[in-house]
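S.K.: Chains as they are written, first to last, in our numbering: chain U, 1 to 417; chain S, 1 to 417.
It should be emphasised that the hints constitute simulated quantities derived from the structure, not laboratory data.
The beta carbon of each residue, even a glycine, is placed where N, CA and C say it ideally should be.
Careful: at least some of the hints might be erroneous.
As the list claims (entries may be wrong) - Here are some chain S residues the structure puts well away from chain U; computed CB gaps all over 12 Å:
{"hint": "1", "residue": "H109"}
{"hint": "2", "residue": "A119"}
{"hint": "3", "residue": "L270"}
{"hint": "4", "residue": "D285"}
{"hint": "5", "residue": "A304"}
{"hint": "6", "residue": "T338"}
{"hint": "7", "residue": "L364"}
{"hint": "8", "residue": "R408"}
Stated by the list, open to error - Per the computed footprint, the stretches of chain S lying under chain U, defined by three or more beta-carbons under 8 Å from a beta-carbon of chain U, are:
{"hint": "9", "stretch": "25-39"}
{"hint": "10", "stretch": "74-82"}
{"hint": "11", "stretch": "120-131"}
Number of protein chains: 2
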Amino acid sequence: MATPRVVIVGGGFAGLWATRALRTAPVRITLVDRGNHHLFQPLLYQVATAGLSAPDIAAPLRHILRKQRNVEVRMATVTGIDADARRITLDEGDALAFDYLLLASGATHAYFGNDHWAAHAPGLKTLDDALDLRRKLLLAFERAEAATDPAERDAWLSFAIVGGGPTGVELAGTLAEIARHALRDEFRNIDPSKARVRLIEAGPRVLSAFPHDLSATAKRQLERLGVEVVLDAPVKDIGANGYVLGDRFVAAKTVVWAAGVAASPLGALLGAPLDRAGRVLVQPDLSVPGHPDVFVAGDLASLAQADGKPVPGVAPAAKQMGRLVAHNIRMRLFGGTTQAFAYKDYGNLATIGRMAAVVDLGKLRFSGLLAWWFWLTAHVFFLIGFRNRLVVLLNWWWAYWSYQRAARIILGRDEPA
Amino acid sequence: MATPRVVIVGGGFAGLWATRALRTAPVRITLVDRGNHHLFQPLLYQVATAGLSAPDIAAPLRHILRKQRNVEVRMATVTGIDADARRITLDEGDALAFDYLLLASGATHAYFGNDHWAAHAPGLKTLDDALDLRRKLLLAFERAEAATDPAERDAWLSFAIVGGGPTGVELAGTLAEIARHALRDEFRNIDPSKARVRLIEAGPRVLSAFPHDLSATAKRQLERLGVEVVLDAPVKDIGANGYVLGDRFVAAKTVVWAAGVAASPLGALLGAPLDRAGRVLVQPDLSVPGHPDVFVAGDLASLAQADGKPVPGVAPAAKQMGRLVAHNIRMRLFGGTTQAFAYKDYGNLATIGRMAAVVDLGKLRFSGLLAWWFWLTAHVFFLIGFRNRLVVLLNWWWAYWSYQRAARIILGRDEPA
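The following block holds chain U by itself, in its conformation from the complex (with noise of 0.2 Å):
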């Protein structure tokens, strides 16, 4: 009998403990990915507001898994799945069989039918969007330094946050702490620290994945940090000069979109039943309905937890998922039977800014200093490979000692909004 073939759709945090958990079973692995890294997402808003280089929280995908002898990886895009015929289509026009697929490509941002907002508030998920929000809020500085009109100057000092959740606080908390601090004395014409920057949520509160008392005191640390907090106040449209609220434009050069994520639309190539947000109603197994050898993990799963609520997002979620997923590969192998998910949830963390965090452990919660060492300290230690860890830390201590920021360096070629 040949040896089975597995097929691993995405190198994010399911689909990469799904390969690394099944390197001692019988089976031959492709794992597939559009890029040619693995991406440490927590800290993709450091890259964004240059704290950290793009090297520093990525890893090549091939050197991880380069002594796993039973995994090829592929750099190349999904544009085709055929569940019945065993078989995904790749852009460069070749095809790969599978006896067992992981479907592991992950969400992207939404603007919930507002298509046309996307291109004044990018978001934020991959490396490359990254780069290009550390470029649109780096230059909105050189263009306010360059501003003649006062207004066109204030416009370009104005800076909003369009969502309330983990990427939303980090980025408002960290952008307020550079015009305040990082940029000090470097311009002439202006007073960077005079940015107005707002974090905006449509909801009650922020951080609502957060008990209630938390998210009162990230709130506090965000405007102690000089982040103007609107909550209850849904954006109504959002252009190339600013943002309506309400009923109200406000004048804004600088919009960021961290309010909704979709699924990948592999999802739908799937064929099966999605959720609202496009995500692959799973069994509790995490396999298709109608096809017990292809499965789904991370953020393109839809579960709900015994509770009812929905697993969550967030890493952990998806690494446990891979994990499971790999298990079940083996069970089918041997005949067993698959075992279905249970998220075990060690806690939350977010973090606000300079020594301002919020860490919900369950029965114990706590914030402020302590809970920031202790988001720094999951965080590196969570971080893949030795010489990204030592980086990392170099640059955090750095950063801390000094209020500056490693990676203040305007990249690409093509000319700004």
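Fit chain S to the supplied structure of chain U, relying on the hints for placement.
M.R.: Okay, now just chain S, sitting in the frame of chain U:
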């Protein structure tokens, strides 16, 4: 009397050193650059070959100059120079008046009238060039791994670097090292160490600015690293699938241009006499004939030394020119006599690859491991910014110890060529 206005175009070695040398002068300086950063160009090949991140070798001009209160930094492109009216115009439409002008906008690549080669053989002058080149080099191995046709696979594994100067030698040596060491064990269908890395030089030896014996040593060191050195071989044509050498077409998907530089086009805007490479023929005091208050320094200036040889286009010469222009502007301010430029040559270093370099200090010449340590120490010492030095040292220590490259991340959304 109003404070005299000095406009300096270009934040490279010449422009930045002139700016700093004017820190106590009673002038108002505007430093104009297209980018937001000073670039440590001698290490640019390390970014292209994935050893360093872009921000490791660059620092924001604003940050470097934040404490020098007589300077304003302006990120803009110069579109016109009127030396008689003492005014330059910028891309955003506004103009800057000056009493003294220093033009130090450097050099760009030149294809000697074969501009259609540019699309197939990119050069290396800016950080964006380096990231494009990194992408191209890393993608070639990905394409080779995915190729099903053996001839196509070989073409993806065939690399040519055109030009045997310091940049060509560094790129060829490092690329051979990557193919042989960094990528080991990572591919399943190809053997990266079988990649063909060719260094093609039209003249009779590599590193022609060095003494003959060091050129010969450099060639031997390159060959030991796995580079095929081809001398006396002008390239006749370059296309998407290969190049023509003599009357033979060689299949190669990746050709890099390190063969020629031309002066920045801003020299032509000045209306002064230029040499064949487009550089401005300056007076001995670095002023422009007929415009004693307009100076040119760095790679854009064309000047002969006392022995008739041209001042070389290297960082030490640019710094020395920048400082002399600052001195001569002071002389003009106070009615003194300007001084003629005399290049102080402290020696010439070139690195070749792992533990291989050549050093020419006039009477003292050496190569190999000792030269490599000398090169490394000198380059880290001259890197601007305390933090960058630490990060670069850490990266090199890690690369040396692990044979790995820290920045092997493919960035950019464009489709590969």
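S.K.: It remains to establish, for every hint, whether it holds in the given structure.
M.R.: Evaluated hints:
1. H109: holds, 15 Å
2. A119: holds, 15 Å
3. L270: Per Cβ check, L270(S) is outside 12 Å of chain U; nearest 24 Å; holds.
4. D285: holds, 30 Å
5. A304: holds, 36 Å
6. T338: T338(S) clear of chain U: closest Cβ-Cβ about 29 Å, beyond 12 Å.
7. L364: holds, 35 Å
8. R408: The claim is violated: R408(S) sits with its nearest Cβ about 5 Å from chain U, within 12 Å.
9. 25-39: With 3 residues in contact (Cβ-Cβ under 8 Å with chain U), the coverage given for the stretch 25-39 of chain S holds.
10. 74-82: holds (count 3)
11. 120-131: The restraint on the stretch 120-131 of chain S holds, since 3 of its residues have a Cβ under 8 Å from chain U and three suffice.
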